[in-house]
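Q: Chains as they are written, first to last, in UniProt numbering: chain A, 1 to 230; chain B, 1 to 230.
Quick caveat, the hints were computed from the structure, so don't treat them as lab data.
Among the hints, erroneous ones may be present.
Said to hold, decoys possible - When the alpha-carbon atoms are kept at most 30 Å apart in a straight line, the in silico DSBU-like pairs for lysine-lysine are as follows:
1) B:K16 - A:K77
2) A:K32 - A:K5
3) B:K91 - B:K32
4) B:K202 - B:K158
5) B:K77 - A:K16
6) B:K183 - B:K158
7) A:K139 - B:K158
8) A:K158 - B:K5
9) B:K213 - B:K5
10) A:K5 - A:K139
11) A:K158 - B:K230
12) A:K230 - B:K158
13) A:K158 - B:K158
14) B:K183 - B:K230
15) A:K32 - A:K217
16) B:K5 - B:K16
17) B:K158 - A:K183
18) B:K213 - A:K183
19) A:K183 - A:K158
20) B:K230 - A:K230
21) B:K183 - A:K230
22) A:K91 - A:K158
23) B:K90 - B:K16
24) A:K158 - B:K139
25) A:K217 - A:K230
26) A:K158 - A:K32
27) A:K139 - A:K202
Unchecked claim - These stretches of chain B come out as covered by chain A in the derived footprint (C-beta under 8 Å, 3 or more residues):
28) 14–25
29) 53–67
30) 100–107
31) 152–162
32) 217–229
Said to hold, decoys possible - Computed from the model, here is a short list of chain A residues facing chain B with C-beta under 10 Å:
33) H12
34) K16
35) K32
36) Y43
37) C59
38) Y76
39) C132
40) F191
Model, not experiment: these values are computed from the prediction.
No residue lacks a Cβ here, since even glycine has one placed at the ideal position from N, Cα and C.
Protein chains: 2
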Amino acid sequence: LPGRKVLIVYAHQEPKSLNGSLKSVAVEELSKQGCSVTVSDLYAMQFEPRATRNDIVGCLHNSEMFNYGVETREAYKRRELSSDLLEEQKKVQEADLLIFQFPLYWFSMPAIMKGWMDRVLVEGFAYQFPDCYNSGLLKNKLALFSFTTGGSQETYTKGGISGDIRYLLWPMQHGIMHFCGVKVLAPHICFAPEYVSEEERKEMLLAWAQRLKTLWKEEPIDCSPEWYFK
Amino acid sequence: LPGRKVLIVYAHQEPKSLNGSLKSVAVEELSKQGCSVTVSDLYAMQFEPRATRNDIVGCLHNSEMFNYGVETREAYKRRELSSDLLEEQKKVQEADLLIFQFPLYWFSMPAIMKGWMDRVLVEGFAYQFPDCYNSGLLKNKLALFSFTTGGSQETYTKGGISGDIRYLLWPMQHGIMHFCGVKVLAPHICFAPEYVSEEERKEMLLAWAQRLKTLWKEEPIDCSPEWYFK
Chain A
1 LPGRKVLIVY AHQEPKSLNG SLKSVAVEEL SKQGCSVTVS DLYAMQFEPR
51 ATRNDIVGCL HNSEMFNYGV ETREAYKRRE LSSDLLEEQK KVQEADLLIF
101 QFPLYWFSMP AIMKGWMDRV LVEGFAYQFP DCYNSGLLKN KLALFSFTTG
151 GSQETYTKGG ISGDIRYLLW PMQHGIMHFC GVKVLAPHIC FAPEYVSEEE
201 RKEMLLAWAQ RLKTLWKEEP IDCSPEWYFK
Chain B
1 LPGRKVLIVY AHQEPKSLNG SLKSVAVEEL SKQGCSVTVS DLYAMQFEPR
51 ATRNDIVGCL HNSEMFNYGV ETREAYKRRE LSSDLLEEQK KVQEADLLIF
101 QFPLYWFSMP AIMKGWMDRV LVEGFAYQFP DCYNSGLLKN KLALFSFTTG
151 GSQETYTKGG ISGDIRYLLW PMQHGIMHFC GVKVLAPHIC FAPEYVSEEE
201 RKEMLLAWAQ RLKTLWKEEP IDCSPEWYFK
């Protein structure tokens, strides 16, 4: 939609990978719609995933006993978070839609992207007790997890060895995005692209481009236990 | 048990934290039993969480198109993984029990520990298709997730806002440890230590020490969907 802002948080080492192509397809299609698209290319940025004292500029609130949650909350108030975090927060603040594009690593996102969640979504910025879940501070934004898997779709079913794919979406969609008040669109999953033909990988890219054409008309999922575990 | 080897993978920035104390209690109690205990103190080691080309020493299998899974699998065969990974793999190989000690960050482990999983548990070392889950290469080992939460126990129940705590254990216990063939002991969870009295925190440490006394007699959980979602 013209005027809409999209942030793509992207975690793949190889631009020529399917993840790289999925990211490019999204930039292209959404730009064509008139959206303004920003990409945080985490590996290219050498984004820091470790939550440490370096995230706070200047003095600590309590230098006797380092508590990352407390220190980043206080540093956020004082505008004393490290500049890489402030930049990411600015991108999030401006975005109407966050797309997370990554290969599934161990039933979750790669560590570099988990580090983005751990460090960027600071208390006071993304949530503020009791303002979490439906009243989280990032309400009125949308998020979409777009990822590739190693295993096939059959393994990720209720009777399959890896269980329903929705089981592993719970921490990411509910525990992170919903917690911050963000509404979650259905995930976009490309199963086992390494084991399909070049032709099928092209179809995966086309399907993503196609979905993006009508993305703004989609309703968020009902991000409750029923969606995940029934 | 005398002679048993334990690896504690520990992720907290502050030695004086409850996580730091829980780690120390485990070292002390298990050593007293005659176990040989090794600690990987991830923040102190400045452990690298990012999965990159730097993990492969020397030439790539395919330098045209970087695929982290393929490259680390091939580098493992050639003994050309970076030395920090080889060291961690040696510790895992020797261990009878892996204890993961961390504060829960966003329904999961901190990025620095996720990076340990992403980088250390290489194909060929931890699993080798079709040898995964019950036939994973790390079978005959045990794992235990020991962590602290921000939220109270009531929030982590079926009717609670954050859902049953077991839901978020699925990716870590089943998706990672069980996938590698490791048997999983019941998690050890200290709920909301920041919101209880000093006295109650001491009781948490005592309870952990107490549990460790009979840990080797425990039966692993049945790491199947029923345990997590029924």
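Q: Now, for every hint given, state plainly whether the structure supports it.
A: Here's how the hints hold up against the structure:
For a cut-off of 30 Å, the pair hint linking K16 (chain B) to K77 (chain A) stands: about 25 Å separates their Cα positions. Between K32 (chain A) and K5 (chain A), the direct Cα distance comes to roughly 13 Å. Compliance with the 30 Å bound is thereby established for this hinted pair. With a C-alpha separation of about 20 Å, the suggested pair K91 (chain B) and K32 (chain B) falls inside the 30 Å cut-off, and the hint holds. Between the alpha carbons of K202 (chain B) and K158 (chain B) the distance comes to roughly 28 Å, so the proposed pair stays at or under 30 Å and holds.
For the proposed pair K77 (chain B) and K16 (chain A), the alpha carbon gap of about 25 Å is at most 30 Å, so the pair holds. Distance restraint check for K183 (chain B) and K158 (chain B): the Cα-Cα separation of roughly 25 Å lies within the 30 Å cut-off, and the hinted pair is therefore satisfied. Note on K139 (chain A) and K158 (chain B): the hinted pairing holds, with a Cα-Cα distance of about 24 Å set against a maximum of 30 Å. Note on K158 (chain A) and K5 (chain B): the hinted pairing is violated, with a Cα-Cα distance of about 36 Å set against a maximum of 30 Å.
Our distance criterion of 30 Å between C-alpha atoms is met by K213 (chain B) and K5 (chain B), whose separation comes to about 15 Å. Our distance criterion of 30 Å between C-alpha atoms is met by K5 (chain A) and K139 (chain A), whose separation comes to about 15 Å. As the CA atoms of K158 (chain A) and K230 (chain B) are separated by approximately 13 Å, the hinted pair is consistent with the 30 Å bound. Proposed proximity of K230 (chain A) and K158 (chain B) is supported: the alpha carbons are some 13 Å apart, at most 30 Å.
As the CA atoms of K158 (chain A) and K158 (chain B) are separated by approximately 20 Å, the hinted pair is consistent with the 30 Å bound. This hinted pair checks out: K183 (chain B) and K230 (chain B) have alpha carbons roughly 20 Å apart, not beyond 30 Å. At roughly 16 Å between alpha-carbon atoms, K32 (chain A) and K217 (chain A) fall within 30 Å of each other, so this suggested pair holds. At most 30 Å may separate the alpha-carbon atoms for a hinted pair to count; K5 (chain B) and K16 (chain B) meet this at roughly 25 Å.
Taken as a hint, the K158 (chain B) and K183 (chain A) pair is honoured in the structure, with Cα atoms around 21 Å apart against an allowance of 30 Å. This hinted pair does not check out: K213 (chain B) and K183 (chain A) have alpha carbons roughly 46 Å apart, beyond 30 Å. Between the alpha carbons of K183 (chain A) and K158 (chain A) the distance comes to roughly 25 Å, so the proposed pair stays at or under 30 Å and holds. Restraint check for K230 (chain B) and K230 (chain A): satisfied, since their Cα atoms lie roughly 10 Å apart, inside the 30 Å limit.
A distance of roughly 27 Å separates the Cα atoms of K183 (chain B) and K230 (chain A); the hinted pair therefore holds under the 30 Å criterion. Between K91 (chain A) and K158 (chain A) the CA atoms are separated by roughly 37 Å; this puts the pair beyond 30 Å, and the hint is violated. Between K90 (chain B) and K16 (chain B) the alpha-carbon distance is near 28 Å, which keeps this suggested pair within the 30 Å criterion. As the CA atoms of K158 (chain A) and K139 (chain B) are separated by approximately 24 Å, the hinted pair is consistent with the 30 Å bound.
The hinted pair formed by K217 (chain A) and K230 (chain A) meets the criterion: a straight-line CA distance of about 26 Å does not exceed 30 Å. A threshold of 30 Å between alpha carbons decides the hint, and for K158 (chain A) with K32 (chain A) the separation of about 38 Å lies outside it, so the pair is violated. Our distance criterion of 30 Å between C-alpha atoms is broken by K139 (chain A) and K202 (chain A), whose separation comes to about 35 Å. Check on the segment 14–25 of chain B: 3 of its residues sit with their Cβ under 8 Å from a Cβ of chain A, so the three-residue criterion for coverage holds.
Only residues whose C-beta sits within less than 8 Å of a C-beta in chain A count toward coverage, and the segment 53–67 of chain B has 5 of them, enough to reach three; the restraint holds. Counting residues of the segment 100–107 of chain B whose CB lies closer than 8 Å to any CB of chain A gives 3, so the stated coverage by that chain holds, three being the minimum. For the segment 152–162 of chain B, the stated coverage by chain A holds: 3 residues have a C-beta nearer than 8 Å to a C-beta of that chain, and at least 3 were required. For the segment 217–229 of chain B, the stated coverage by chain A is satisfied: 3 residues place a CB nearer than 8 Å to a CB of that chain, which reaches the threshold of 3.
Given hint, H12 (chain A) at the interface with chain B, holds; its Cβ is 9 Å from that chain's nearest Cβ, closer than 10 Å. At about 5 Å, the closest approach between the beta carbon of K16 (chain A) and any beta carbon in chain B falls short of 10 Å, and the interface hint on this residue holds. Hint status for K32 (chain A): violated, given a least beta-carbon distance of 27 Å to chain B, over 10 Å. Given the 10 Å rule on beta carbons, the hint for Y43 (chain A) holds: about 7 Å separates it from the nearest Cβ of chain B.
Hint status for C59 (chain A): violated, given a least beta-carbon distance of 16 Å to chain B, over 10 Å. Interface hint status for Y76 (chain A): violated, as the beta-carbon distance to the closest one in chain B is roughly 16 Å, over 10 Å. Satisfaction of the interface hint for C132 (chain A) is found here, the shortest Cβ-Cβ separation to chain B being roughly 8 Å, below the 10 Å cut-off. For F191 (chain A), the interface hint is violated, the least distance from its beta-carbon to any beta-carbon of chain B being 15 Å, above 10 Å.
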